[in-house]
Amino acid sequence: MTSLVKPRTLFIGLSLLCLLATWLSLALGPVSLPLLDTLRAAARLLGLPVAADGLEQAELILGQIRLPRTLLGLAVGGVLALSGVAMQGLFRNPLADPGLVGVSSGAALGAAFAIVGGSALGGLPEAFGPYVLSLCAFLGGLGVTALVYRLGRRNGQTHVATMLLAGIALTALSGSAVGLFTYLADDATLRTLTFWNLGSLNGASYARLWPLLLVSFGVALWLPRRARALNALLLGESEAAHLGVDVEGLKRELVFCTAMGVGAAVAAAGMIGFVGLVVPHLVRLVAGPDHRVLLPASVLAGASLLLFADLVARLALAPAELPIGIVTAFIGAPFFLYLLVRGRA
Amino acid sequence: MRLNIRFVALCVALLINQGARADELPQRWVSAGGALSEWVSALGGESKLVGVDTTSQHPESLRALPSIGYQRQLSAEGVLSLRPQILVGTEEMGPPPVLAQIRNAGVQVELFSATPDLPTLQGNLRHLGQLLGSEAQAAQLFQGYQQQLDRQAARVREVQLKQKAPGVLLLVGSSGGKLMVAGKDTAADWLLQQAGGRNLATHGGYKSFSVESLAGLNPEVLVFADRALSGEEARAALFKENPILSSTRAARDGRVMELDPTLLVGGLGPRLPQSLEKLTAGFYPAVSARAP
Numbered sequence: 018m019t020s021l022v023k024p025r026t027l028f029i030g031l032s033l034l035c036l037l038a039t040w041l042s043l044a045l046g047p048v049s050l051p052l053l054d055t056l057r058a059a060a061r062l063l064g065l066p067v068a069a070d071g072l073e074q075a076e077l078i079l080g081q082i083r084l085p086r087t088l089l090g091l092a093v094g095g096v097l098a099l100s101g102v103a104m105q106g107l108f109r110n111p112l113a114d115p116g117l118v119g120v121s122s123g124a125a126l127g128a129a130f131a132i133v134g135g136s137a138l139g140g141l142p143e144a145f146g147p148y149v150l151s152l153c154a155f156l157g158g159l160g161v162t163a164l165v166y167r168l169g170r171r172n173g174q175t176h177v178a179t180m181l182l183a184g185i186a187l188t189a190l191s192g193s194a195v196g197l198f199t200y201l202a203d204d205a206t207l208r209t210l211t212f213w214n215l216g217s218l219n220g221a222s223y224a225r226l227w228p229l230l231l232v233s234f235g236v237a238l239w240l241p242r243r244a245r246a247l248n249a250l251l252l253g254e255s256e257a258a259h260l261g262v263d264v265e266g267l268k269r270e271l272v273f274c275t276a277m278g279v280g281a282a283v284a285a286a287g288m289i290g291f292v293g294l295v296v297p298h299l300v301r302l303v304a305g306p307d308h309r310v311l312l313p314a315s316v317l318a319g320a321s322l323l324l325f326a327d328l329v330a331r332l333a334l335a336p337a338e339l340p341i342g343i344v345t346a347f348i349g350a351p352f353f354l355y356l357l358v359r360g361r362a
Numbered sequence: 344m345r346l347n348i349r350f351v352a353l354c355v356a357l358l359i360n361q362g363a364r365a366d367e368l369p370q371r372w373v374s375a376g377g378a379l380s381e382w383v384s385a386l387g388g389e390s391k392l393v394g395v396d397t398t399s400q401h402p403e404s405l406r407a408l409p410s411i412g413y414q415r416q417l418s419a420e421g422v423l424s425l426r427p428q429i430l431v432g433t434e435e436m437g438p439p440p441v442l443a444q445i446r447n448a449g450v451q452v453e454l455f456s457a458t459p460d461l462p463t464l465q466g467n468l469r470h471l472g473q474l475l476g477s478e479a480q481a482a483q484l485f486q487g488y489q490q491q492l493d494r495q496a497a498r499v500r501e502v503q504l505k506q507k508a509p510g511v512l513l514l515v516g517s518s519g520g521k522l523m524v525a526g527k528d529t530a531a532d533w534l535l536q537q538a539g540g541r542n543l544a545t546h547g548g549y550k551s552f553s554v555e556s557l558a559g560l561n562p563e564v565l566v567f568a569d570r571a572l573s574g575e576e577a578r579a580a581l582f583k584e585n586p587i588l589s590s591t592r593a594a595r596d597g598r599v600m601e602l603d604p605t606l607l608v609g610g611l612g613p614r615l616p617q618s619l620e621k622l623t624a625g626f627y628p629a630v631s632a633r634a635p
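Which chain is which? The protein sequence lines are A and B, in order. In terms of this note's numbering, the first sequence opens at residue 18 and continues consecutively. In terms of this note's numbering, the second sequence opens at residue 344 and continues consecutively.
Hints in this document: simulated from the structure, not taken from any laboratory. Wrong hints could be hidden among the right ones.
Derived coverage of chain B by chain A (criterion: at least 3 residues anywhere in the stretch with Cβ under 8 angstroms from a Cβ of chain A; other residues may be distant) [stated by the list, open to error]:
| id | segment |
| --- | --- |
| 1 | 437-451 |
| 2 | 456-469 |
| 3 | 615-625 |
Label-pair restraints from in silico Cβ distances [unchecked claim]:
| id | chain 1 | residue 1 | chain 2 | residue 2 | range |
| --- | --- | --- | --- | --- | --- |
| 4 | A | A60 | B | Q473 | 38 to 44 angstroms |
| 5 | A | A258 | B | K550 | 52 to 58 angstroms |
| 6 | A | A194 | B | I587 | 41 to 47 angstroms |
| 7 | A | D203 | B | R469 | 27 to 33 angstroms |
| 8 | B | A580 | A | L357 | 36 to 42 angstroms |
Virtual Cβ for every residue (Gly too), placed ideally from N, Cα, C.
In isolation and in its complexed conformation, chain A is listed as follows (with noise of 0.2 angstroms):
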């Protein structure tokens, strides 16, 4: 498979497509501001002259509701893509997703623990108990990565075969105790873990923001160090290695910076399924294979289609609300088994 079109022509128009993602994500919403107003109140929060007058509102929905939620969407959907690409580089498979080492199934696990067991201690506050709820999240889904691939060693080396079924087993055996802290929970907490398994952008703040910035921009700087040592794995582990590549060190820096990107992810917004899958694909589809093209140009995809998506989420019900992951699942999930049958064919 060859690339279909330039890199350059590539990245100008992915980066022209996640302008537009993002500006459409600050313009539109259940409250229609003016596009004088919105405009406006976009200048002033870069710190341009403007003057004030009127524009309380615009400022305040732009300033501390759309643009928290806006940089989320960014950070998640290139997080969850780069993690992507690098899953399918190391599984050297394209079906591969993060979730193949266990760290949706840890972080959803994390995620249950802290909801169940926190109302089964009498409540946790609410000042942090979104706070508790991602750090649950996020130290799960690396504890459970960090078991798969402690599994997968054996004599000092990586087996990802290994590593692949011992993350089935483990993503089975969160599975079963999620559901018995579903079994445990009651109808209310029973609500938010539903809720909370379908992911969402709503109520993004600037405090809980931070975290994931840095991981995700941390991770987008490093993978894309690593893209020809990834082209180099694609032609097998030995053959990796005769052309000096340190395949131990790699699989370790995939797995970790996985964890790490999709864990952030995840403790910000809760589980989103199919970008991760869907978007390497849909790049490589364009770009061809070389991860010198496809990590960066997954980053952009990603930020873009899940903003688009977050648009529809927000957009479709007003002034109520879908889950994002019910929409990125219902795109991705078409998709996908477009992709099966034309494989097929």
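Starting from the structure of chain A, add chain B where the hints point.
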């Protein structure tokens, strides 16, 4: 003399203030929580409501209002797009970051307790009355409610002298085929007690039971609280699917009752006394029939 002028000025200021306060009562309301929306309507505030959540299903006319979604998953911008001056809800309303955003936008956010007991309801109604500018009506409403519940308690005491309390099970959410039985420390348990029934379930919370252990408890009365199961046909279908269930005393004697599931969430609502009365009549058929 000087003091006098000051006094007059103070009085005038207070009067103006008073007048201003009446004008400042919130006129555009968004309500999240079934029972709460019912009380707002009962206090004459229905015309002020500009949006409700998905649990606000009564009175019927509320369903025509814009829906802000499920009370635990509100969207800040969605709520703000209705330009409300006040958002009222139970402590189940959330998530907290969204409430903070709504508060920051200058909307008054008032939280009410959903604990099902009379002192809580009294406090809630007084608070709502103040916010709606109908304190007297709120006090009257509460008094009437209390009297209704007192009468209900007296009725239960009376019939229990003549007949033993029947063993009851309350089933929830059986639309998917799985029966959830209401245990201790649930609103349903409290409701059964108030109606004079003896809840046979001894676990805490709502748990799914196997049909077999359900039949083993052999309830005298079954109460279904599920929107999907209202109507004779749906119930007949359930018994057909679970033959063991139809061998219980309740099914044999035809003592299967319905309860509006919205009564089980969000605290005490205005429709509760009538429902309790109906349940009691079903629990003690012989005695109730003889009563005038």
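Right, here's what the structure says about each hint:
no.	hint	verdict
1	437-451	holds (count 8)
2	456-469	violated (count 0)
3	615-625	violated (count 0)
4	A:A60 with B:Q473: 38 to 44 angstroms	42 angstroms, holds
5	A:A258 with B:K550: 52 to 58 angstroms	55 angstroms, holds
6	A:A194 with B:I587: 41 to 47 angstroms	31 angstroms, violated
7	A:D203 with B:R469: 27 to 33 angstroms	29 angstroms, holds
8	B:A580 with A:L357: 36 to 42 angstroms	38 angstroms, holds
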